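Novice: This is what each chain is made of:
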Amino acid sequence: MSWVRTMLVVTLVGLLLGRSAVVLAPPAPAGVLAGAAAVAGWVVALVAGRRRVAALAVPVPPPVGSAASVVALVTFGYALVGVALVTAP
Amino acid sequence: MAAVTTGRSPLGTATAGPARGTGRIIGGVIRDWFDPERVRQVGSTPDYRFSLANERTFLAWIRTALALVAGGLLAAQLLPELTVPYLREALAVVLLVTGAAVSLRALNHWLNCERAIRLGEDLPQSRFPAALAVLVAAGALVLLVLLLAAGDR
Numbered sequence: 001m002s003w004v005r006t007m008l009v010v011t012l013v014g015l016l017l018g019r020s021a022v023v024l025a026p027p028a029p030a031g032v033l034a035g036a037a038a039v040a041g042w043v044v045a046l047v048a049g050r051r052r053v054a055a056l057a058v059p060v061p062p063p064v065g066s067a068a069s070v071v072a073l074v075t076f077g078y079a080l081v082g083v084a085l086v087t088a089p
Numbered sequence: 090m091a092a093v094t095t096g097r098s099p100l101g102t103a104t105a106g107p108a109r110g111t112g113r114i115i116g117g118v119i120r121d122w123f124d125p126e127r128v129r130q131v132g133s134t135p136d137y138r139f140s141l142a143n144e145r146t147f148l149a150w151i152r153t154a155l156a157l158v159a160g161g162l163l164a165a166q167l168l169p170e171l172t173v174p175y176l177r178e179a180l181a182v183v184l185l186v187t188g189a190a191v192s193l194r195a196l197n198h199w200l201n202c203e204r205a206i207r208l209g210e211d212l213p214q215s216r217f218p219a220a221l222a223v224l225v226a227a228g229a230l231v232l233l234v235l236l237l238a239a240g241d242r
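Taken in sequence, the protein lines are chains A and B.
Residue numbers for the first sequence, in our numbering: 1 to 89.
Residue numbers for the second sequence, in our numbering: 90 to 242.
So that you can see chain A by itself, here it is in the shape it has in the complex (with noise of 0.2 angstroms):
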């Protein structure tokens, strides 16, 4: 459940990453970037939650591997796309 509950609030985060990108950014190419951005993090974390979850459904699960690390850089790299687009003149 705690993946599940993470991947829905990676959801909602790149939803309103990309409703920025619309808001906030010069029409191009910087709002096509940062959108772009918003879907790629959005599916790399997905699928890596995903596989997890579906790693967690043994009795003895495996350790949970890359899975972190790409959930915690897709966070960081929302992070910085949204400090672009608030701070693009």
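Don't read these hints as lab results, they were simulated from the structure.
Nothing here was measured: the structure is a model prediction, and the numbers come from that model.
Be careful, since some hints might not be right.
Facing chain A, a subset of chain B residues (Cβ under 10 angstroms, in silico) [what the hints assert, rightly or not]:
| hint | residue |
| --- | --- |
| 1 | E126 |
| 2 | A149 |
| 3 | I151 |
| 4 | V158 |
| 5 | G161 |
| 6 | V182 |
| 7 | L232 |
Here are a few chain B residues that sit away from chain A, every Cβ distance over 10 angstroms (derived from the structure) [claimed, not checked]:
| hint | residue |
| --- | --- |
| 8 | L162 |
| 9 | P213 |
| 10 | A219 |
For glycine and all other residues, C-beta sits at the position ideal for the given N, C-alpha and C.
Model the placement of chain B on the given structure of chain A, informed by the hints.
Specialist: Just chain B now, kept in the frame of chain A:
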């Protein structure tokens, strides 16, 4: 602390002789972020329930980071113009940067805890949660004052 004096990364896996430079230690930390499998090279495999608890704590920190990022994005989009110029943007950037810091700290703390669990050591202590709580509370108070001031105009 051995991690500093012997030049080991926080996972204790990369040793290249004593007294490595700070840059190489930071490089080792960043390499651990991108290759967390290296944590399995130290110590012994613990009871999986400990690792799962550590994973749940990590995910809770990631949700905190995502909440801060969402707060920053919403502040930039939905807050009215405040009395001080660019204060709205500054507030959004502070929230976003804090979210970025929390996400990296979550990853680093998860790796350090995993290593400590595998080595049977005490879990690492940190003032980061207290500092974050103070920062969020102070930010909320400042925002409340500014919004009340804007409402009086």
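Novice: Could you run down the list of hints and mark each one as holding or not?
Specialist: Against the structure, the hints come out as follows:
no.	hint	verdict
1	E126	holds (6 angstroms)
2	A149	holds (7 angstroms)
3	I151	holds (6 angstroms)
4	V158	holds (5 angstroms)
5	G161	holds (6 angstroms)
6	V182	holds (6 angstroms)
7	L232	violated (16 angstroms)
8	L162	violated (5 angstroms)
9	P213	holds (17 angstroms)
10	A219	holds (21 angstroms)
Consistency with the previously given hints fails for numbers 7, 8, ordered from lowest to highest.
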